[in-house]
Amino acid sequence: MNKDLSKVRNIGISAHIDSGKTTLTERILFYTNRIHAIHEVRGKDGVGATMDSMELERERGITIQSAATHCTWKDIDINIIDTPGHVDFTVEVERALRVLDGAVLILDSVAGVQSQSITVNRQMTRYNVPRIAFINKCDRTGANPYKVTGMLRDKLDLNAHLVQMPIGLEANLQGMVDLILMKAVYFDGDNGETIRMEEIPAEMVREASERREALLEEVSMYSEELMEALLEGRDNIDPAIIYSAIRRGTIDLEFTPVMMGSAYKNKGVQLLLEAVDIFLPSPTDVTNMALDLNKGEEEFAVSNNPEDPLIMLAFKLEDGRYGQLTYVRTYQGELHKGDTVINSRTGKKVRVGRLCRMHADEMEEIEDCGSGDIVALFGIECASGDTFTAEGMNVSMTSMHVPEPVISLAIVPADNKSQINMSKALNRFTKEDPTFKTFVDHETGETIISGMGELHLEVYIERMKREYQAEVQVGAPQVAYRETISQRADFNYTHKKQTGGSGQFGRVAGFMEPLEEGDYEFVDKIVGGSIPREFISSCDKGFHKSMVKGALCGAPIVGVRCTVNDGAFHAVDSSDVAFQLAAAGAFREGYLKASPTIMEPIMKVAVEGPSEFQGPVMGSINQRRGMIIGTNEDGSYSVIEAEVPLSEMFGYSTTLRSLTQGKAEFTMEFANFKPVPKSVGDELIKKYEEERKNG
Amino acid sequence: MGNQLNEKTPLRALDISASTQAPSIGLVIARAGVGKTAILVQFALDNMLQGNKVLHVAIGAGVEKTRTWYADLLRTINGEDMEKIPGVMKQRMIMTFQESSFSKALLAERFDDLVDQDIFSPDCLIIDDYDFENCSRSDLEELIAFIKERNLQMAWFSATSHRGDDRKSASGVPAPCNEIEDLFNNVLLISPAEKEITLDILKSDSSRVKVGTSLNLDPSTLLIKKG
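Respectively, the protein sequence lines represent chains A and B. Under this note's numbering, read the first sequence as residues 2 to 696, first letter to last. Under this note's numbering, read the second sequence as residues 120 to 346, first letter to last.
Calculated directly from the structure, the hints in this document are not laboratory data. Quantities reported herein were computed from a predicted structural model and do not represent experimental measurements. Heads up, some of the hints might be wrong.
[Claimed, not checked] Derived contacts from chain B toward chain A, CB cut-off under 8 Å, selection only: (1) G181; (2) T185; (3) R186; (4) M214; (5) T215; (6) F216; (7) D232; (8) I238; (9) S240; (10) R286; (11) A289.
[Stated by the list, open to error] In silico BS3-like cross-links for lysine-lysine, where the CA-CA straight-line distance does not exceed 30 Å: (12) A:K694 x A:K546; (13) B:K203 x A:K605; (14) A:K675 x B:K203; (15) A:K688 x A:K675; (16) A:K148 x B:K184; (17) B:K184 x A:K675; (18) B:K223 x B:K203; (19) A:K605 x B:K267; (20) A:K438 x A:K687; (21) A:K432 x A:K546; (22) A:K664 x B:K223; (23) B:K172 x A:K675; (24) B:K203 x B:K172; (25) B:K127 x A:K148; (26) B:K172 x A:K679; (27) A:K550 x B:K203; (28) A:K664 x B:K184; (29) A:K605 x B:K127; (30) A:K694 x A:K438; (31) A:K687 x B:K209; (32) B:K209 x A:K675; (33) B:K209 x A:K605; (34) A:K664 x B:K314; (35) A:K497 x A:K594; (36) B:K184 x A:K594; (37) A:K546 x A:K679; (38) A:K679 x B:K127; (39) A:K679 x B:K223; (40) A:K687 x B:K203.
We treat Cβ as the ideally placed atom computed from N, Cα and C, and that holds for glycine.
Produce the entire structure from the sequences given, and follow the hints as far as they go.
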């Protein structure tokens, strides 16, 4: 690993599902000599691409977990995180983007900017990740990199410009013209490993010159030297000046260079690697912020200096054949084998026994790692998102945005052995993935798992079976409803039990009102000691416990502020328990007067497919209580964007397949919670009442 | 709902509601980047707040970008968050088309899909950035005939004029719409002046609006300036 941080690149590869991320990564590893044979994602040779290290991923042809890998291109060390493309696994993508300095956004040369590209682009913007666009699959029929570049500008609002142009397209794709070097580039050999540079074909010279001129004009904004050279009308501008201008624009998030090729046909990948080196930032080019826990979480920039005390973030856990692997990114300082570090969340000291550099399923033991590096540690007990520091520091990397789960289902182990293995698996998954949650429903005794979508939970159930040999029976998916109140209501409740033995007494009065931000808030406005100080926290506890299960359909209550302003106590009979019970009674009383409503998760759904099916698809969304936000028609292809209640989306993939002869696909992600219509609410209330009656 | 836009929107001063024609066909014309979309979105928002359904056809722009126009303008003009006004989101649907793929036939097909399946029945149609330069008079006549057939209350178009093209109709409508102004009941021209924007009413079918009136708008909010 390079000690010179300017020669390190931490990059992610993100895209819409099936845009060829895994194939591209595979080619990168081949050209950087990390692997010696090329396998396809859904390989006929039964081996599967190297980055899809989980058996399940190979079978489904999708990449579920971000496998980190290291490779070297010339003298540049590149750490690559291969990220999942499906929306259900968005947190994985977000986590990867958090630790990366730059990214490659892959687009399909035919479909262009798809719904997932929009999500991923939004995430990249949120984490200020500079990016290069790579238009893949230029060998496909209908490939049009110019159209895709236009989409990058219109749909993603990126200042995207081609730095290459294709020589031939579709089945006739031969190579590219490099608009900076003004050379034609071809890829010879069985695997395209030999690069041949030639003069630009005569018939393309004029177009290439025009495109180069437009490119230089655009990027001259980021370099005075280039601007001067253009004004002087110099013909032979040093490519280094152009590279530097593009690099500046890219790092400042003001420019997106667009590359192209076909990973599958081994064309353009080496040029992309060059671009990663030339255009994307090194760890010292970007500012990463940490929180000083000693100064009320004040933000400060990490130094990247290997001499400074260590700060590193655990961004991914994996339970592999070698035990628990923790992937970390160091932000400053150095880590050596045998060092002791502090987990700033738990305050515990941890000794680092072994350090490794990972290459999908293979690993290479190393002695130390420096600032800006991404490595894996063995045998460290921690959760994903934990920060490790040198002793004497109290610092955390900025917390990551984690969405609330929207779907849950009950799982029952098939036998005792499965029960034990299931616990192990759940323990592991919840540590790995903050959006995957599990708990035991005390009323039914069932284990409930919850997450971001049907596929998200399905994958974990499959992993339980395959990796942990835990056979489980799965219940029907349940939507995670919420209850909330819509108006202010007063309460005044006395809890009194004074018949024989030690009595209980407490009166709690005040009001509850809707809370816009947050789930729950408690306000103490007691004056004159009508409730003694020691019982104020009991009231808080009593209210808070009441939020767990609402009276309408048994869903958790959110968005309530409870204020107590009066009460009464008894010198002997008042106690912590008495006031907790009084507060619970007061909550019950106020809740029903406060116009409680049931809220349901609403998903943002995007259906993409041939325009001829737009009518039936819109109809199918309408039947599912969906609200169509808009349609986007681009020739023969269209995208319908809608908001649809999650409860109506079960089985939609089957409906969509039969409506569109399997030609359309959809993605969905959580948008917000909205009140359910009255008819749906009444149904849920009725169902809950029946469940309670039947015990 | 039952709400309305801020009193200072040019829309209020124009009192489009006093239109004597049904449907009222309007045109907003200006050079690129002056505020055509903003004026159209104001019309749309006012309709939505009054309970009318608006179909917004954006040519050459994305759904997300168009949504942002609505959210930003409502925040600027009324200080309100669109998501928080009950039911208002259901009053609008956005359709976007690539310039090359838009046609009356395609719009009619999509429109009828919505109405026939009882998904959305528009009262008002917005067509933003219609390509007047490359359409013939008969193309536009067909489109307007379609609007009339579908019983819409109003339709508004936007058109881009160009700095170097001085052609104008007798009533001052610039190219590329100088020869087709008779197809519209209302024509508004937006022109940038030094620290403000002028909105000229070149044509109107409202009983309460005088043709030739000029309004001075604040360029950041597109609201009528004081005085």
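Hint check results:
The closest approach between the C-beta of B:G181 and any C-beta of chain A is roughly 5 Å, which is under the 8 Å cut-off, so the hint is satisfied. Nearest Cβ of chain A to the Cβ of B:T185: about 7 Å, under the 8 Å cut. The hint holds. Hint status for B:R186 relative to chain A: holds, with the closest Cβ pair at about 7 Å, below 8 Å. Because the closest C-beta pair between B:M214 and chain A is about 5 Å apart, less than 8 Å, the hint holds.
Taken as an interface hint, B:T215 checks out: its beta carbon lies about 5 Å from the nearest beta carbon of chain A, inside 8 Å. With 8 Å as the threshold, the beta carbon of B:F216 comes within range of chain A, its nearest partner Cβ sitting at about 5 Å, so the hint holds. Checking B:D232 against chain A by beta carbon gives a least distance of about 4 Å; that is within 8 Å, so the hint holds. Restraint check, B:I238 versus chain A: the minimum CB separation of about 4 Å is within 8 Å; hint holds.
The beta carbon of B:S240 is not positioned within 8 Å of any beta carbon in chain A (closest approach about 12 Å), and the interface hint is therefore violated. Violation of the interface hint for B:R286 is found here, the shortest Cβ-Cβ separation to chain A being roughly 30 Å, above the 8 Å cut-off. With its C-beta approaching chain A no nearer than about 37 Å, B:A289 sits outside the 8 Å limit, and its interface hint is violated. Of the supplied pair hints, the one linking A:K694 and A:K546 holds, its CA atoms being roughly 22 Å apart against a limit of 30 Å.
Under the criterion of a C-alpha separation no larger than 30 Å, the hint pairing B:K203 with A:K605 is consistent with the structure, at around 17 Å. Restraint check for A:K675 and B:K203: the C-alpha separation of about 11 Å stays at or below 30 Å, so the hint holds. Distance hint between A:K688 and A:K675 is fulfilled; the C-alpha atoms sit about 20 Å from each other, no more than 30 Å. For the hint pairing A:K148 with B:K184, the CA-to-CA distance comes to about 18 Å; that is within 30 Å, so the pair holds.
Note on B:K184 and A:K675: the hinted pairing holds, with a Cα-Cα distance of about 23 Å set against a maximum of 30 Å. Between B:K223 and B:K203 the alpha-carbon distance is near 35 Å, which puts this suggested pair outside the 30 Å criterion. Taking the CA atoms of A:K605 and B:K267, the gap is near 34 Å; set against the 30 Å cutoff, the hint is violated. Taking the CA atoms of A:K438 and A:K687, the gap is about 28 Å. The hint holds against a cut of 30 Å.
In summary, the hint linking A:K432 to A:K546 is supported, as the alpha carbons are separated by about 26 Å, within the 30 Å threshold. For the proposed pair A:K664 and B:K223, the alpha carbon gap of about 26 Å is at most 30 Å, so the pair holds. Distance check on the hinted pair: B:K172 and A:K675 sit about 21 Å apart at the alpha-carbon level, within 30 Å; holds. The straight-line distance between the Cα atoms of B:K203 and B:K172 is roughly 18 Å, inside the 30 Å bound, and the hint therefore holds.
A hinted pair counts as satisfied when its Cα atoms are at most 30 Å apart, and B:K127 with A:K148 does not qualify at roughly 41 Å. Distance restraint check for B:K172 and A:K679: the Cα-Cα separation of roughly 23 Å lies within the 30 Å cut-off, and the hinted pair is therefore satisfied. With a C-alpha separation of about 26 Å, the suggested pairing of A:K550 with B:K203 holds against the 30 Å cut-off. As the CA atoms of A:K664 and B:K184 are separated by approximately 27 Å, the hinted pair is consistent with the 30 Å bound.
Pair hint A:K605 plus B:K127 does not hold up; C-alpha atoms about 35 Å apart against a cutoff of 30 Å. Proximity of A:K694 to A:K438 is assessed by CA-CA distance (about 29 Å); at most 30 Å being required, the pair is judged to hold. Distance restraint check for A:K687 and B:K209: the Cα-Cα separation of roughly 28 Å lies within the 30 Å cut-off, and the hinted pair is therefore satisfied. Among the hinted pairs, B:K209 with A:K675 is consistent with the structure: their alpha-carbon atoms are about 14 Å apart, no more than 30 Å.
A hinted pair counts as satisfied when its Cα atoms are at most 30 Å apart, and B:K209 with A:K605 qualifies at roughly 15 Å. A hinted pair counts as satisfied when its Cα atoms are at most 30 Å apart, and A:K664 with B:K314 does not qualify at roughly 53 Å. Between A:K497 and A:K594, the direct Cα distance comes to roughly 22 Å. Compliance with the 30 Å bound is thereby established for this hinted pair. Straight-line distance between C-alpha atoms of B:K184 and A:K594 comes to about 42 Å, which puts the hinted pair past the 30 Å bound.
Restraint check for A:K546 and A:K679: satisfied, since their Cα atoms lie roughly 27 Å apart, inside the 30 Å limit. Among the hinted pairs, A:K679 with B:K127 is inconsistent with the structure: their alpha-carbon atoms are about 38 Å apart, more than 30 Å. Restraint check for A:K679 and B:K223: not satisfied, since their Cα atoms lie roughly 40 Å apart, outside the 30 Å limit. The hinted pair formed by A:K687 and B:K203 meets the criterion: a straight-line CA distance of about 29 Å does not exceed 30 Å.
Violation of the numbered hints given earlier is confined to hints 9, 10, 11, 18, 19, 25, 29, 34, 36, 38 and 39; the remaining hints are satisfied by the structure.
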